Structure formats: C-alpha cells, structure tokens
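Order-wise, the sequence lines are chains P and C. Using the working numbering, you'd call the opening residue of the first sequence number 1 and step up by one each time. Using the working numbering, you'd call the opening residue of the second sequence number 1 and step up by one each time.
Some hints here could point you the wrong way.
[What the hints assert, rightly or not] Facing chain C, according to a computed beta carbon distance under 7 Å, are these residues of chain P, among others:
hint, residue
1, S76
2, P104
3, V105
4, M108
5, C150
6, N225
[Stated by the list, open to error] Here are a few chain C residues that sit away from chain P, every Cβ distance over 10 Å (derived from the structure):
hint, residue
7, F34
8, S35
9, A40
10, V43
11, L46
12, P98
13, V104
14, S105
15, D110
16, A148
17, I151
18, M183
19, P188
20, V189
Derived by calculation from the structure, the hints in this document are not laboratory data. Bear in mind that the values here come from a model prediction, so they are computed numbers and not experimental data. The beta-carbon is built from N, C-alpha and C at its ideal position, and this holds for glycine as well.
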Amino acid sequence: MNTVIACLRLLSVTFVLFASLLEAATVEYGPVQRDHIEVELIAEHDSARPGEPLRVGLRLLPDPGWHTYWKNPGDSGLPTLLHWDLPDGMVAGKINWPYPERLPVAHMVNYGYEGEHLLPVTLDVPQELVPGTELELVVSAEWLVCEVVCIPGDATLGIKVPVSADPPAAVPTWSGLFAWADKRRPQAVEWPARFSTESGQLSARVRLDESVTSADWQFFTAAENLVDHPAEAFITQDNGWLQLAMPLSPFFVGAPERLELVLVDTSGGRAYSVLAEPGELGTMDDAVPTEPALLLILLMALVGGVLLNLMPCVFPVLSIKALSVVSGAGHERAHGLAYTAGVVASFALLAAILLGLRAGGEAIGWGFQLQSPWFVGILAYLLFALGLALSGVFEPGARLMGVGQQLTTAGGLRGSFFTGVLACVVASPCTAPLMGTALGVAVLLPWPQAMGVFLALGLGLALPMLVISFSPTLARLLPKPGPWMETFKQAMAFPLYLAVVWLLWVLARQTDANGVAAVLAGMVVLAFALWLTGRPDRNGWMAPVRHVAIVASLVFAVAALGAAVRMESETAAPVQAGWEPYTAERLAALRVDPDRAVLVNMTADWCVTCLVNERVALNTEAVRQAMADHDVVYLKGDWTRRDPKITEYLAEFGRNGVPLYVLYPHNGDEPRVLPQVLTPGLVVQAMERLQ
Amino acid sequence: MKLSAFRIIAAATALAFAGSLSAAPEIGQPAPDFSVVDTAGEVHSLADFHGQTVVLEWTNHDCPFVVKHYQPGNMQNQQRMARDEHGAAWLTVISSRPGEQGHVSPEQADELTRSRNAYPTAVLLDESGDMGRAYDARVTPHMYIIDADGILRYMGGIDSNPSRHSADIPDATQYVVVALEEMAAGEPVSQPVTRPYGCTVKY
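Just chain C, same shape as in the assembly:
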C-alpha cells in the first residue's frame, strides 16, 4: 500500500503557483493609489475622492470598442447616471504612450469631451502608464468601481457582449450600471469581476 500510494502521490499534480507576481488589484481590497495629472494640469489621487464612489474608465478614442460605446452615447449616459444619480466621481484614464494610438494632448482631450458630449469628472493623462499598470488595465474600455472607503468593488468589462457592434448594447448587461445600483442598495456587487474586452491599452 505504501509503495502504491507513494506512486500515486508522486504522480499527483496539484501543480500550484502563487498568483502571478505582478499584483493585480483585488476585489474587496483597497484600490491602488494613483497620482495623475488631468487635462487642466491638476493632480488627482485616490485619496482626494475619499467618501465618494469612483468609477475609472480606461479609454482610447480611436479604439473601435470605445467608439462602440461613445458613438451611440452609452458611455456618456453611464457617466451622467454615475455622477448625477449616484454622486460618483468618473475618471476617464488615458494610458496610451506618446506616439501611440489614443494618446492626446490636454486640449485634444477636452475637445473630445466636448465633441462627444462626455461627462467625466476629469480626464487623467497617464502617459507613463503607471496608473494603468497598477490597476492591471489591459484593454479599452476597462472599468473599475471603487467605493467611498477606497475599496475596489468592480473590475472588468463595460458590458456582457464582447462584440464591436453598437447594436448589441441594448441586449447586453451593462455591468457598471448594475454594480452602481447594487452598491446604492447596499447589496454586494453580484458580478464583481468580468471579462474586459476591447483594444489593448497602448502602454
């Protein structure tokens, strides 16, 4: 018995690793801090928003998946709902490296906000990509929700249908909308992690 058992164990593979060493943020844990300048030159950090829900939106205006949600106004509607109905701060983050797709000057960013009738609290210009890497933001759009205590409550996609057609939006679950409503009702977020889909962030 001993030998046979030995063999089974030796063959057994509970191949285990610690998670990847790059620390991805974790739901229920304090969200990574950041200190990033916005289009007006003002520096924002997570601590500035203590007591307020914060929504982070990674964006790249030329990414077809971002266009999918801006062109029909889905992203703008969610920005209005988050800020006006939930009192949240909405930070749009651009982590594109200078020279890469999606990288914009402060003026261009403001112009995009105007022309698209967007409604963010601020647009953060994360040229170094430090903030993006701290959140392990991989695609645009990539969404995060941080509660008033600085705890990460949601990370993942903008909605449940990873298609590139705006026509698919109405039938998809809008995860940020659902999460904000659950948080407002004092309930746990039912889907705190989802698959983000889109273009890779151009670090």
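Extracted from the complex, chain P is given alone in its bound form:
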C-alpha cells in the first residue's frame, strides 16, 4: 500500500504540472472540429442587456451515429461538463438539460443525444454593465462522444457579445436549436410524488396535474446507479395518477434523499421534472398524505372499534360484562380502565406481531392468524364453550368470563383485564371479514401510524364499557339487574353458536370433511367435559373419576383438533370461469405451446392485496377480453395453505410471499413479472405487448 501511496503522490505532482499546462489552452471562437464532433459556444440573442439574463449554450454536433450524454449517462459514458470563465459579476447557472433519448448499446442502455443538440445555460448579466462594451464569455467544455467506441474531447470556447441598452434580437441561426432545447426542457412542477426502493425495484407514484391528460409516458431518473437501465419500465396512468416501476440497478447502493424524475409526455411532446420524496406509496391519496388523512383513518378505526361491540361474537360477552360492571358496588372506574388496558394491550400485541412479520418480509394481511387451523379450531372451541356457559350448561369458575361477583373484589381487576384480552380474541374472527381491508391499509402504513390504527381500533372496542364505567348517569340508563338477565344471557348464546359455525366453515376450507368431523367430535367431548364440571359427586369415589374424565375429554378435544389440522384437504378447485388451477406440469405443457401465452397468479385467501388485485384488475371484463384476444391461459395457484410446490415457484422469482403475477409469452421466451399492485390497464397493456 505504501508504494501505492508514494506512486499516487508522485502522480499528483505530475498532474498539477500537467493541469497548469491545460489552463493555458487557447480560446477558440466559432465552430470547432474535434474527433467525430463539432462544438461551439453560442448565444440566443445578438446582444446582452444590463440586468437581464442572457441565454447561451454549448452546441454539439456529433457525426451521424455518434452521441454525447445526458446528466445521468446510463450504463456507461460521462455527462458533458462545462467550466465557465466569465467577466466579473456574471454568474452562470447550471445546464438546463434537455431530456435525452434512450440509446441501447448491446444489452446496455445509455441516455444521451444524437444529431445536433444544445446544452443551454442562463447567465446573470449585471445591471452595471456599460452599453457599448463587449462581453467575452469563455467556457471549457469536456465531453465524451461515442458510437460504440468512445472518444473524450475538450475545448475552450469563447464568444463575444456586445452590451446594448436596446432590446436584444434573437439570432435567427440558433432560434431553432434554442426552441429544440426549450421543448425538451422539463418543466419543474410540484406535483405530489413519492418513491420507494423496496423489494428490488424503484417504484414511484405521481399525482398528475388535472390539465395533463396524456396516456403515453416515458421517464428518466436523474440519479445514477438507481435503476437497471436496460430493464423494461412499467408506466401506467390511472385516474390522474402516474405509476412507475423499474428494477433496481445491480449496482444500487442506496436511495437518494430526493429523486428527480423526468416525465416525458410523448403524445403531447411535453416534459416535466418532479421531485419525489421517499416514502410508502400506499399512503398516498388524493392529496398529499398529511395529518388530516391519518386523523381520518384513526377516527374510522375508532368508530370501527365501537361497532365491533355489536358483532355476534363480541356482544354476548360484553353486554353481560357491562351489566355486571354496573351492578357492582364501587370500583367501576378501575374495572373500566383495567378492561380497556386489556383490550388495547392485546391489540398492540397483535399489531406488533403483524408489523414484525411484515418487517420480516412476509406478505401478510390482517387475518393472517386465521391462516392457522390451530387458531381457528381453538377459537371455535372457545366460542362454543362461552356459548355453553351462557346457555347454562355449566357455571364457569374462570375469572376470564367475568360474569359474576368477582368484580366487586379488587382481585377482580385482573378478571377485567383478561375480559379485555378475551374481547380482543373473540373479536378477531369478526374483524377479519369485516375490517380486513381497512386493516390491510394499516399494514401498508409506516409502523408508527399502523400501530396507531390498531390502538385506535382497540380503544374503540373498549370505549362503550369505559364510558359506562365512568358515567353513573349512563350506567343508570342500563336496565337494572334482575331475573331477566338469565333469559338475556341464554339468548345471547345463539349468536355465539353462529360465530362457531362460521369458524367451522373456515376450518372446512383449510382441512376437509374429515377434519371438520374431528373438530365437531372434539366439541361434543368438550361439551361433555364442561357438563361434567358442574355435576355434583354423589359418592366419594366419583370425584376422581369425574376429574379424570374431564381431563381425558379435554385431551381428546385437543387431539381431535390436532388430527384435523393434519388432514390436508385435496384442493377441490373446479375449473371456474376463466382460470385453471396451477400445476407445474400444466405450466410446462402450455409453455411449449406456441399458440398460448400463460398468466400465472399466485394468491391466497388471506392476502388482501391478492383479493383486491383480482377484484379490480384480473376479474374485470377488459382483462378477460384481453386474455381471450391474446390466447392467454390463466393459471391460479392457491397458497392459502402452505404449499411447497408454490413456495418453490415463488422462490424461483426470488419471492417468499404472494401475490406474484408472471406472464409467459407465446414463444417460450423469458417470462415477465408483473407488479404486485395491478390495474386493468397495466394487465391489458402487458398482454398486448406479448406479440
């Protein structure tokens, strides 16, 4: 290393000498010929007026087939550099880069200009300049001009511009070139825009101005080393939003703090420059996502939580709990707070698990816990047991239920807390179908906001009880406890049984008829065990027998569930309208068929994004029509239960979650992976490009 440093030092001395020689380079006026390019410093007007900006520019005219580079040169190349030497008081702005052309070279892509082009710069002309004098403007320019091979060039160019008080006149020779540069100059706009570099791609979302109606877009990123230039870019315009995506460069190191996107409206011939902020794209709505939007989401979550109290799986438990709270003497507030703490803590825990999994890269949505047959089965048992308790089959000794007088004791506070936990647990099957999508949004939010949504939901669930416990007036409005409560309690068992039926239906989808039968048998045994707990022992020897029977029954119930979980249902997927179940064999057969293209959709029932995509894009008439028009066979793989074959397929594409959409062309060429969020336009467009 020391030798290297020594050599570098020696080098730098040589270079300083060399550089000073360069500075003495003579200034050349007018067009200058270099290898494969002609360059010239030109001014837009024939004179400069004191106090008014003056536009000049470097004119470059490469040989046919040769090009120079944009500020982001792409896979290779270098942007043209300008160093100004100006009279005192004059300041040069940056190059107003015209948007470039995409120039493919072998399997790489550069961004630059072919043919005559201009790099315009605006100069500030001081007020103090005296008319009648002459300005001498000098620039040293360095460029790289390439065909396939590249030749670096430089020149020190000058131009003399007279200072005049008269209005300057445009130089006719250059008006076309300045007009060309103006037409290609991106207009700086402040449209809301976000970008993200997650999961191996640049994705961006831009809210278009209402005046912009184009549907043909092209985009360039000013940041080097960000996107994989040769890769295909996805651009779609949907409802005033522009969505962009492009795989990241293999040499991607980190995202810029702000990303300049140059958007070119190819049909309207206009270009815009947008600065995008890094952030989650999912949170962008009609306006820039700000506090009001978040507040609204939080408010909706709170209201949703309150509504949860009316759900068939929650109401029976809570209504009775409410009545017992008000019937209790004193400590109501403490109980209300303990209960709230229980609910909110449980929601926080669930949210933490969910967000943790999300951070770990799992593609999950709310309701993920229902993916586990164990969870569903235990929940079915629990709700069934609660129902039996309400029906009076047994008197629960457990404080969990809290239907009793324990509340009046301080120790009952723990009971209230766990009632809160229970409320969250029993609420969860109801939240899944009703609030799944809403919570799906929460999952897309940055984690503090997402946690906020869950907490708001929990608070909403706890709110009615909290209010009752804090307001004696409200509590008095509730009916007085009395014999009617027993009737009410028993009636409340029925909604619970209905909730159990729903859970068994979910379970049936995860296992099969045998599995459901096993769990039903488990429920009967569970009922037997619970019934036994309430039986008096007539003989001394009966007690141990009864206890053994209870334990044995409970063990059997759990074992039955275990057996059910192991029963994998055969995917009974009848060929539905438009799609066939995915198998590797079917895909292989279709790929060699030159008349058919294939769309593979890997999905799962618990994946909210998947369901949304199917609803808004894949199952639309436009997409069905496109499939028919382009002979696309639609294969659907269901990952609702873990399926090693599908896991393997996902892994081939570097994924460990769904959704995944892959489009295979007719000719057996490399497949294309579609974005994770689909629009009908995007899918149709992808299919149109197949041929």
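Dock chain C against the given chain P, drawing on the hints supplied.
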C-alpha cells in the same frame, strides 16, 4: 371505512417485481464460475484459485477510461499491491468480440502487458463474452473481488471519481485497494457495490 380502504389499496402501488431475470452476481454469494483461456492457451477456472483472493479486471486497452488508469500506472500499482502484498491472483479479462474495440490476439495482449509494465496473473481472452455476461460486466474497467472461499466481496468501479482525467485519481477513493485492505484486516468490505464507470464492454 371498508370502501374507502378498498379504494386506497386499489390505488396503492407497491409495484413490485422480482429483480431482472438476468442473474447479476450478488455480494456474499459464490461468484459465478468461469472457464476461459489465457494468452498462453491455458484454461483458467474460478476453482483453480480456491484458497486465494481473486481480483477480476475487465479491460479494453483503447477505452479512454482504461487509459486513464494505465497511463499514469494506477492500475499496474494496484496489480502489484494485490499480488505482492495480499497474495491475490489478478485476472485481467477482455470480453471484446473479435472485430470490436479492445479485442486482441494473445500476442498483442502479452505485448500490452509488457509495454504497459502491467502485472496480472493472467490475461483471459473471453471472446464469447460468456464470462463477462456471467458477471454482468458492463464497462471497462469493471472490477470484482472474490475471496479465498469463492465468495464475491466487491463489484463496481475502480475508483470513486467517474472522470476521464488521470489527474483526478489521487483524490478518488481507490475501491479495490480499500476492499483488499479491509479483507486483509478481517473486516467486511465497507463499500461492496459501487457504480462502475467507463466504456461499455464490446460484447
């Protein structure tokens, strides 16, 4: 709430792709194997260098950016440092197609090594471009470092200043030098991926 949420999600764009399907090599993963003939007609593969650090240098002697680093001796110094101080093998790779800029005969390649006082372990003539494509080498110079276990530790540019002036070399971070020293010190390479700059490889 449900509807509004639905709309937000439908509008949401977590537009995601799997990375491009052409498999670029990955840092921390085994480097792609190769089997390429050198100027003496000897075939080299990655496995031959097991137990030794390997530096790959894509080159094209007529590329101005290659000249930038050879003319003042920066590339040669790094070759000496890598081989003599770190015991590394330095493979200079030419992926130019016959007829394209940078393509040379074995004799011309040896002559270039002599005249430029270069110090590679071998100069590989990858006429087919297979090795270049396996490494996704895009420009000259494009540098890669593979550790003694065959794991890719560095890929990217020769230094941090994408200029064409040799005068800029002393102030630029020489990535290969830094990476080799970090590897010798048992540290992770601080900048394992950088932007390669130069002329496109003439496949």
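Tested hints:
1. Annotation: S76(P) was flagged as interfacial toward chain C, and the flag holds, the nearest CB pair being 4 Å apart, inside 7 Å.
2. The restraint placing P104(P) at the interface with chain C is violated, with a minimum CB-CB distance near 10 Å, outside the 7 Å limit.
3. Taking 7 Å as the C-beta cut-off, the interface hint given for V105(P) holds, the closest approach to chain C being about 5 Å.
4. Annotation: M108(P) was flagged as interfacial toward chain C, and the flag holds, the nearest CB pair being 5 Å apart, inside 7 Å.
5. With a cut of 7 Å, the hint placing C150(P) at the interface with chain C holds, because the nearest CB-to-CB distance is about 5 Å.
6. This hint holds: N225(P) has a C-beta 4 Å from the nearest C-beta of chain C, less than the 7 Å allowed.
7. With a cut of 10 Å on Cβ distances, F34(C) stays outside the contact zone with chain P, its closest approach being about 18 Å.
8. The non-interface label for S35(C) is consistent with chain P: the shortest C-beta to C-beta separation is roughly 22 Å, beyond 10 Å.
9. Every beta carbon of chain P lies more than 10 Å from that of A40(C), the smallest distance being close to 28 Å; the non-interface claim holds.
10. No beta-carbon of chain P comes within 10 Å of the beta-carbon of V43(C); the shortest separation is about 26 Å.
11. Residue-level check passed: L46(C) sits 19 Å from the nearest beta carbon of chain P, beyond 10 Å.
12. With a least beta-carbon separation of about 14 Å from chain P, P98(C) lies farther than 10 Å from that chain, consistent with its non-interface assignment.
13. Residue-level check passed: V104(C) sits 14 Å from the nearest beta carbon of chain P, beyond 10 Å.
14. Every CB of chain P is more than 10 Å from the CB of S105(C) (nearest about 19 Å), matching its label as outside the interface.
15. At roughly 23 Å from the closest C-beta of chain P, the C-beta of D110(C) stays outside 10 Å, upholding its exclusion from the interface.
16. For A148(C), the shortest C-beta to C-beta distance to chain P comes to about 20 Å, beyond the 10 Å cut-off, and the non-interface label holds.
17. Every CB of chain P lies more than 10 Å from the CB of I151(C), the least distance being 17 Å, so the non-interface label holds.
18. No beta-carbon of chain P comes within 10 Å of the beta-carbon of M183(C); the shortest separation is about 13 Å.
19. Against the 10 Å criterion, P188(C) stays outside the reach of chain P, whose nearest CB is about 15 Å from its own CB.
20. Annotated as non-interface, V189(C) keeps its C-beta farther than 10 Å from every C-beta of chain P; the closest such distance is 12 Å.
Hint compliance for this structure: hint 2 alone is broken.
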